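Chemist: Single-letter residue listing:
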Amino acid sequence: MKMKNLLIATVRSLSKNKMRTFLTMLGIIIGVASVIAMLAIGQGSKQSIQAQISTLGTNVLMIWPQASSTGGVRMEAGSSQKMTLEDVTAISDRCPAVAYVTPQVRTSGQLVNGNMNWRTSVFGVYPNYFEIRNLRLSSGSLFSMNDDRSATKVCVIGQTVVTNLFGVNADPIGSFIRINKIPFKIIGITEKKGQNAFGQDQDDMVIAPFSTVQKRMMAITHIQSMLASAKTESLIPTASQEITEVLKAKRNLGPSEDPDFTIRTQTDIANTATATSGILTILLATIASISLLVGGIGIMNIMLVSVTERTREIGIRMSVGARGRDVLLQFLFEALLISLLGGFIGVTLGVLVSQLIANILSWPVTITIQSILMSFIFSSAIGIFFGWYPARKAASLNPIDALRYE
Amino acid sequence: MHRRCKEVEAVAGEDIDMNKAIISVKALVKIYKMGDVEVHALRGVNTDIMKDDFVAIMGKSGSGKSTFMNIIGCLDVPTRGQYLLDGVDVSSLTKDQLANLRNHKIGFVFQSFNLLSRTSALENVELPLMYNKKITSREMRERSLNALEAVGLADRAHHFPNQLSGGEQQRVAIARSLVNNPVVILADEPTGNLDTRTSLEVMGIFQKLNQQGITIVIVTHEADIAAYTKRNISFRDGRIIKAIEVDKPRNAAEELALMPVIVEEDDL
Ligand SMILES: Nc1ncnc2c1ncn2[C@@H]1O[C@H](COP(=O)(O)OP(=O)(O)O)[C@@H](O)[C@H]1O
Ligand SMILES: [Mg+2]
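Protein sequences appear in the order of chains R and C.
Read left to right, the first sequence gives residues 1 to 406 (our numbering).
Read left to right, the second sequence gives residues 1 to 268 (our numbering).
Don't read these hints as lab results, they were simulated from the structure.
The structure presented is a predicted model; accordingly, all values stated were derived computationally and were not measured.
The beta-carbon is built from N, C-alpha and C at its ideal position, and this holds for glycine as well.
It cannot be assumed that every hint is accurate.
To be verified - Derived list of chain C stretches under chain R, where covered just means 3 residues or more per stretch with a C-beta under 8 Å from a C-beta of chain R:
1) 75-82
2) 102-111
3) 207-221
To be verified - For lysine-lysine, the following DSS-like pairs were computed, each having C-alpha atoms within a straight-line distance of at most 30 Å:
4) Lys2(R) x Lys33(C)
5) Lys393(R) x Lys51(C)
6) Lys95(C) x Lys33(C)
7) Lys133(C) x Lys4(R)
8) Lys393(R) x Lys133(C)
9) Lys393(R) x Lys33(C)
10) Lys2(R) x Lys95(C)
11) Lys95(C) x Lys16(R)
12) Lys33(C) x Lys16(R)
13) Lys20(C) x Lys16(R)
14) Lys133(C) x Lys18(R)
15) Lys2(R) x Lys133(C)
16) Lys134(C) x Lys4(R)
17) Lys231(R) x Lys192(R)
Just chain C, with the same shape it has in the complex:
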C-alpha cells in the first residue's frame, strides 16, 4: 500500500510523460441482467484518456455514459473487456485493492451529490482521508480545509448539506473528490441539477483543477457545458460514435466575471 501511494504522488507530479494514458479501455462491455432480460449498456468501448486531459462524455439519455463512468471509477465492474487505470489492469484486482484505488487515484462526483446527511461540509470532505492510513488528524483537517478553500467554501466548513444550496453541495462533493490528490476526477452530470450560473462556477473549478494537472472526465448532455472542456466523446447505444478536440475551450472564470451581478442575488 505504501508503494502505491508513492506511485500516486509520482503520477500527480510534473515529470510524467504527457502522452501516458491515465485511462485506457479496450472492448469494454457491460450487460445488465434483469431476470431474463439483458440490457447491453456498453457494447465494446475503446478509448484512451491522457494525462492532463479534460474530457466531456456526451450522448442521449440511456446511451451508457453513466455505466462507462461507474466502471472507470471502479464503482462497478465490466462484464467483459480490459480497463487499465494508470497502467494497472483493474480487472485483476480484489475488492480491497479496488477500494484502495478509489481512495488514492479517483475522485468521483455524482449528479445527486451523495454527501453524508447531518454531517458538516468539512467532515464530508474528510471522508476519503479517514480511509487513508498515512494521514494524521492534523493533515486531514488541513487538507480538507484547503480543498474547501479551493472550491470557495472555506466559510461553509461547518454547514450541514441541508444548509447549503445545490451548487454549494456540489462544490463540497468536488472538494471531497480532490482531497486525496487523485489522478483523475470523474463527474457524472455534475451540473445536471444546477442553474446556469452555478454550473459555470463548477466548470470554473474543474478548469482550475485541470490546469493544476488533474485529469478530468465529466458527463454532460449540454453542448454549452462541453464547450468548457478540451475533448468531447459522444456515446450512442453503448458505443463511442465520435471523439473531437474542442477548438478553443471557453473560460468559465472569465465569463463568470462578466456576468451581471443581479443573477448572483438570485442564486443567493
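Here chain R stands alone, though its shape is the one from the complex:
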C-alpha cells in the first residue's frame, strides 16, 4: 500500500467514526491532563516550601537547652542546664566553622502607640541576628553591640507592626512606642518577608538588643536559645559537631554522654518539610495514576467494543486485496494519530488547568517535562496497544473468518 493511500485510509477511518475517535481521545486527554495538573501541584508546593525554608536564613543552626526527645526519654525540665552568655562566647571563640552566633530571648509584648494597640513577639538578639537570618531593613538603621551593652531602649519592627500601630504606609522611624509600658524608640523597619513555611507572619515581630529584652523586659539572667550560622552550607554538620563539643565540655559531659541541649540545622528542617511535601506529591501522583488508568481502561473498552465492527472491516479490506501488514499499519496509524492528538490536547488542557489552579487558588504550580512525557507516553502506549492488538488478531485471520466474525 502506498504511504499516501495509507494516510488517506487512516484519516477517512478516523473521521468516519467521530464518536469512537473522540471517546478514545477523551481517555488520553483525561489521563494526560490530570497527571500534568496533579504533578504540577505537588511539585509546586514542594518548591514553594523549599523557597520558604530558605527564608529562615543562611546555613542556620538553632540551639536550645533541652535534650532532644528523639531516640530516648525526654529529660525532666529541671535536669537541663540553662544557657548563658558564656556559652555564646565559647561558641564564637572556639568553633571555627561558625560564622555568627547570637543569644536569643523572646517574650510577648503589648505594644501601644497613642490609642493603637498590638500584641506581638519581642525578640532580644545581637545585631548579627540579621546576618544569620538574612534579614534586611527597608528603612532606618540597626542597633549596635554598644546598644546591647548599654541595654538601649531601641527596636526594629516588622511591616505588620507598622501597619497596626501607625497605619498603612506610615513612616514611624524615630517615633516612640511603649512595649509593656516601657518606651522604645523605633530605629528601623525590616523588609517584608511574608509568611514562613508554617504559615506564620514573619513581619509581625519586634527585634530589640538582647540585653534590653533580657534585663529590662524579662528580668532574667539566662538565655533561652541561640542562633548560629555556619560559614558555608557544607560546614553545617561541622559547625553542629563543634558546638556540641564546646557545650558538652562546658557542661562536663563526656563524649559518650547524651547532651542536654538540642541543635537543629536548616538542613534538618528542609529535609522534614521536603519529606512532607514528598508525601503530598506521592498522594497526588497516585490520584493522577488512577485517572491515567481510568482513561486507559476507557480507551481499552472502546477499542475492544469496536472489535466486531473493525474485524469485519478488516475482512472487507483483506477480501479486496489488503495484506495483513497494510491493515495493521493503518490501525497503528489511526491509534498513533489519536494518541498524538489526544496527548497534545491533554498536555494543553493540563497546563491550562494548572495555570487556573495557580491563579484562582493561588497555589504554586510547577509543570515538569517529566510529567508531560510520562503521561503522554503512557496514554499513547495504551492507545496504540489497544488499537493495534485487535487489529493484529484480525489481520492474522483468513479474510472469510474476519468477515464472519461475531
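Fit chain C with the ligands to the given chain R structure using the hints.
Modeler: Then chain C with the ligands, alone, in the frame of chain R:
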C-alpha cells in the same frame, strides 16, 4: 509484483487461448473442525472453468457452494486438493501473495454486500485500488467512476450505503469487484437479498461484463437466475453431481426493457 500485473493484463486481453482454464480444481476437500466434530463441506471437487465462461453454481443450502466459492476466491484455504488460478498453484502462495491475487485477479461479490459503512459508494469502489501500488490518485478516481457508470450508479457516487437500496448496494459491490480489472468475478448469491426486478438488473450487469471478457461464477439456488448464465454446476453434499451447458441463455437486458414500468416505481 510488477510482472504479475502484466500477467493480469495479458489474461484480460483478447489474444488468450479460449480453452485455457481460469479456474482448475482437483480433488478439492474442505473439512471444518469444530471441536471434535468434523464437517465435510467439500468431499473432492473436480472442475475447470474456462476463460469467458459464465457459470452458475447450484445446489441446496449446505451443499458446499459458499465453501467452494470462498476457496476459489482465495478468501479461505482448502484442507486438501489442488487449485490452479490462471495457471498458478494457489496452495504454494504466501498470505501476502494471496492478498495480491485477490487484489489483481479476483473480484468478489457477497450476498450481504459487505460495503464499508459510513463510506461513500465511490470510496467503497476505490477500496481495491487503494491496495494497488501502481495506480495514481487520478486513475483511482477515474476508474472508480467508470466502474460505477458501468453498473448505472454514476449519480450515486457520493451516497452512503445506508442511503442506497439493496439492489444499488449490490451494484456498488459489483463495481468494486470489477474496478481492478479482475480475471474472474465470483458472486455468492448476489441476488439472494434482492427482488425479481433488481435481480434481473444485476444479472444484466453480469451478462454485459461477461460479454466484455470477464469470466463470471455466481452461486444461486434459483433456476430462474441460473438461466441467464452459460453453464450450470450442481452441488450436493460437497460434491459436483451435474454440470450442464445452458441451451439458450436468457437475456436480462432485453427482458428488463419489456418489464412494465409500474414495477420500477415499486422498486424506487
Ligand atoms: N465456518 C464454518 N464452520 C463450520 N462449518 C461450516 C462453516 N461454514 C460452512 N460450514 C458447514 O459446511 C457445510 C457447507 O456450507 P456452505 O458452503 O455454506 O453451503 P451452501 O453455501 O451451499 O449453503 C454446511 O454443512 C455448513 O454448516
Ligand atoms: Mg452459501
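Chemist: For a C-alpha distance cap of 30 Å, please report whether Lys20(C) and Lys16(R) respect it.
Modeler: Violated. Lys20(C) to Lys16(R) sits at ~44 Å, over the 30 Å cutoff.
Chemist: Below or equal to 30 Å on CA atoms is what counts here, so check Lys133(C) against Lys4(R).
Modeler: Given that 30 Å is the threshold and the Cα spacing comes to 10 Å, the pair holds.
Chemist: Is Lys393(R) within 30 Å of Lys33(C), Cα to Cα?
Modeler: At roughly 20 Å apart (the allowed maximum being 30 Å), Lys33(C) and Lys393(R) satisfy the hint.
Chemist: If you draw a straight line from the CA of Lys2(R) to the CA of Lys133(C), is it 30 Å or shorter?
Modeler: With a Cα-Cα distance of about 6 Å, the restraint between Lys2(R) and Lys133(C) holds, given a limit of 30 Å.
Chemist: Can you take a look at whether the stretch 102-111 of chain C is actually covered by chain R? Rule is 3+ residues, C-beta closer than 8 Å.
Modeler: holds (count 5)
Chemist: Please work out if Lys393(R) and Lys133(C) have their alpha carbons no farther apart than 30 Å.
Modeler: The given pair, whose Cα atoms are some 25 Å apart, holds under the 30 Å limit.
Chemist: Please work out if Lys95(C) and Lys16(R) have their alpha carbons no farther apart than 30 Å.
Modeler: holds (29 Å)
Chemist: Measure nothing beyond the straight line between the CA atoms of Lys134(C) and Lys4(R); if it is 30 Å or shorter, mark the hint as holding.
Modeler: Distance ~12 Å between Lys134(C) and Lys4(R) Cα, so the pair holds.
Chemist: Does the alpha-carbon distance linking Lys2(R) and Lys95(C) stay inside the 30 Å limit?
Modeler: Between Lys2(R) and Lys95(C) the Cα gap is close to 19 Å, so the pair holds against 30 Å.
Chemist: Within the assertion that chain R covers the stretch 207-221 of chain C, do at least three residues meet a Cβ-to-Cβ distance smaller than 8 Å?
Modeler: violated (count 0)
Chemist: So if I understand the rule, the pair passes when the alpha-carbon distance is 30 Å or less; does Lys231(R) with Lys192(R) pass?
Modeler: Cα-Cα ~25 Å, so holds.
Chemist: For the stretch 75-82 of chain C, count the residues whose Cβ lies under 8 Å from any Cβ of chain R; is that count three or more?
Modeler: holds (count 3)
Violated hints, listed in ascending order, are 3, 4, 5, 12, 13; each of the other numbered hints is respected by the structure.
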